[in-house]
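**Student:** Starting from the given sequences, assemble the full structure and let the hints guide the process.
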Amino acid sequence: MKKQRILIVDDELSIIKFTRANLEAAGYEIFTAMNGVEALQTFESELPDMVILDIKMPKMDGFEVCRQIREWSQVPIIMLSALGSEENKVQCLDLGADDYITKPFGKNELIARIKAVLRRMDTAAPPVQTSLTFGALTINFSQRKVTVNGKEVKLTPIEFNLLQELALNEGKVLTHAHLLNKVWGPDYQDEKEYLHVFIPRLRAKLEDDPSNPKYIITVSGVGYQFAKK
Numbered sequence: 423m424k425k426q427r428i429l430i431v432d433d434e435l436s437i438i439k440f441t442r443a444n445l446e447a448a449g450y451e452i453f454t455a456m457n458g459v460e461a462l463q464t465f466e467s468e469l470p471d472m473v474i475l476d477i478k479m480p481k482m483d484g485f486e487v488c489r490q491i492r493e494w495s496q497v498p499i500i501m502l503s504a505l506g507s508e509e510n511k512v513q514c515l516d517l518g519a520d521d522y523i524t525k526p527f528g529k530n531e532l533i534a535r536i537k538a539v540l541r542r543m544d545t546a547a548p549p550v551q552t553s554l555t556f557g558a559l560t561i562n563f564s565q566r567k568v569t570v571n572g573k574e575v576k577l578t579p580i581e582f583n584l585l586q587e588l589a590l591n592e593g594k595v596l597t598h599a600h601l602l603n604k605v606w607g608p609d610y611q612d613e614k615e616y617l618h619v620f621i622p623r624l625r626a627k628l629e630d631d632p633s634n635p636k637y638i639i640t641v642s643g644v645g646y647q648f649a650k651k
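Numbered per this note's numbering, the sequence shown spans residues 423 to 651.
Possibly wrong hints are sitting among the right ones.
Derived lysine-lysine pairs resembling DSS-like cross-links, with alpha carbons at most 27 Å apart [said to hold, decoys possible]: (1) K529 <-> K614; (2) K537 <-> K425; (3) K525 <-> K439; (4) K650 <-> K567; (5) K537 <-> K439; (6) K627 <-> K576; (7) K567 <-> K627; (8) K525 <-> K478; (9) K567 <-> K636; (10) K537 <-> K567.
Computed Cβ-Cβ distance ranges for the label pairs, DEER-style [to be verified]: (11) A443 <-> G593: 47 to 55 Å; (12) S553 <-> T597: 20 to 28 Å; (13) K573 <-> Q496: 26 to 34 Å; (14) K573 <-> R442: 40 to 48 Å; (15) D631 <-> N444: 29 to 37 Å; (16) L505 <-> S436: 14 to 22 Å; (17) V512 <-> V570: 23 to 31 Å; (18) S564 <-> V497: 19 to 27 Å; (19) P526 <-> A558: 43 to 51 Å.
What the hints contain is simulated information worked out from the structure, not anything from laboratory work.
The beta-carbon is built from N, C-alpha and C at its ideal position, and this holds for glycine as well.
**Tutor:** Right under this line is the structure:
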């Protein structure tokens, strides 16, 4: 079985050594870079399956590296930072990162997060119901394809998984904890900032007026509801 390939980017040599040793022991093939410019060069030459990316680095910070990767690739990105504020997490997710780990971290947390992100990237077996149509919106679950007014809308794997969970439960109020558990995993049930980023992102792609949504409705203090047909 082919090893999954991970690029680790951090300007702290101790973090590089710690992360590399533990991930190689877990069966991953590892590449490293110690600044943002080197990270982009290595990413383009090696095309890894995942990037673990520190925020504060010389030459180019992790925010800019993430932004540039997202211009042409949906490879999973996990951001690292000593700052654990919600604002920092939201900024990372807004730029397209898939997850965020606060330093210092242990090997078990790191490996669990990597496995969770890679698992979300896998195309799961589609539900029995192959497609649903809600007005101008059509969701094809078997093809993982979404169209609005007949035009295809590109969604990331996480965006599609979130939309699928909402749409297959149309009319039901799904709590924050339920959505986080189903889409991200049981370790994410308290990470509401993920929904605060991905729900507006979905609305921006699907709704005529994202500020007055007709598909994905907020149920204040509880969660979200996909409107019934």
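**Student:** Each of the hints needs a verdict: does it hold here or not?
**Tutor:** Tested hints:
no., hint, verdict
1, K529 <-> K614, "holds, 24 Å"
2, K537 <-> K425, "holds, 13 Å"
3, K525 <-> K439, "holds, 15 Å"
4, K650 <-> K567, "holds, 20 Å"
5, K537 <-> K439, "holds, 20 Å"
6, K627 <-> K576, "holds, 8 Å"
7, K567 <-> K627, "holds, 13 Å"
8, K525 <-> K478, "holds, 12 Å"
9, K567 <-> K636, "holds, 20 Å"
10, K537 <-> K567, "holds, 25 Å"
11, A443 <-> G593: 47 to 55 Å, "holds, 50 Å"
12, S553 <-> T597: 20 to 28 Å, "holds, 26 Å"
13, K573 <-> Q496: 26 to 34 Å, "violated, 20 Å"
14, K573 <-> R442: 40 to 48 Å, "holds, 44 Å"
15, D631 <-> N444: 29 to 37 Å, "violated, 47 Å"
16, L505 <-> S436: 14 to 22 Å, "holds, 18 Å"
17, V512 <-> V570: 23 to 31 Å, "holds, 26 Å"
18, S564 <-> V497: 19 to 27 Å, "holds, 24 Å"
19, P526 <-> A558: 43 to 51 Å, "holds, 48 Å"
Violated hints, in rising order: 13 and 15; the structure is consistent with all others.
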